[in-house]
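All letters in the sequence shown, in the order written, are residues 179 to 328 by the working numbering.
Errors might be hidden in some of the hints.
What the hints assert, rightly or not - In the DSBU-like style, the derived pairs of lysine-lysine whose C-alpha atoms are separated by at most 30 Å in a straight line are: (1) Lys233 x Lys301; (2) Lys242 x Lys306; (3) Lys233 x Lys302; (4) Lys212 x Lys301; (5) Lys233 x Lys295; (6) Lys293 x Lys233; (7) Lys233 x Lys254; (8) Lys233 x Lys212; (9) Lys212 x Lys293.
It is worth saying that the hints were derived from the structure and are not from the lab.
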Amino acid sequence: MSARDIVATTTYITAKNMVTNYHRLLNTFSPNQKVDELFICGLGANNMNVVDHIKTALPDITTKSLDDIGIPGNAKASLRCAQLGLETLLGHAIDCVPVQTKEQQQQRLSGFMSKGKRWEETKKQILKFCGGNKILKEIALPNSLGIAFS
């Protein structure tokens with residue numbers, strides 16, 4: 179196989195895998211939920227062959243780079259951390275039960291959320307985002323919130 183063929187095959191497998199896993203994710207949604215936009219980040223977002231394959235495989239969904247909406251694509255680790263924090267405060271997608279046994283400790287990643295200088299402003303934005311619905315009561319803890327992530 180030539181070097182070009184290896185690159186083309188690897189690129190195709192990467193794009194195909196992204197679409198396959200996207201469909202797996204969609205299968206976890208309720209039937210009435212619809213996705214209009216898909217944001218891509220990382221090196222794949224800069225590879226037009228990958229992006230074109232995704233756009234072809236998902237024609238009803240607008241595909242954009244995070245850079246297109248003003249978020250640097252290289253900031254994906256920061257975005258994941260921010261999303262994890264938001265989901266934790268909203269009590270979604272994370273088991274916030276305290277770790278009890280050694281076995282549970284080995285199966286979980288422990289983390290702490292500490293209130294920053296702009297905590298009150300952030301808290302107001304979170305409450306606005308969730309429509310005023312109740313957020314975790316631990317949000318009122320004074321300095322830090324210890325949480326075990328499953």
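Each hint tested on the structure:
1. Lys233 x Lys301: 37 Å, violated
2. Lys242 x Lys306: 26 Å, holds
3. Lys233 x Lys302: 37 Å, violated
4. Lys212 x Lys301: Answer holds: Lys212 to Lys301 is near 28 Å, not above 30 Å.
5. Lys233 x Lys295: Cα-Cα ~41 Å, so violated.
6. Lys293 x Lys233: 40 Å, violated
7. Lys233 x Lys254: Distance ~21 Å between Lys233 and Lys254 Cα, so the pair holds.
8. Lys233 x Lys212: OK: Lys233 and Lys212 at ~17 Å, within 30 Å.
9. Lys212 x Lys293: Measuring from Cα to Cα gives roughly 34 Å; hence the hint is violated.
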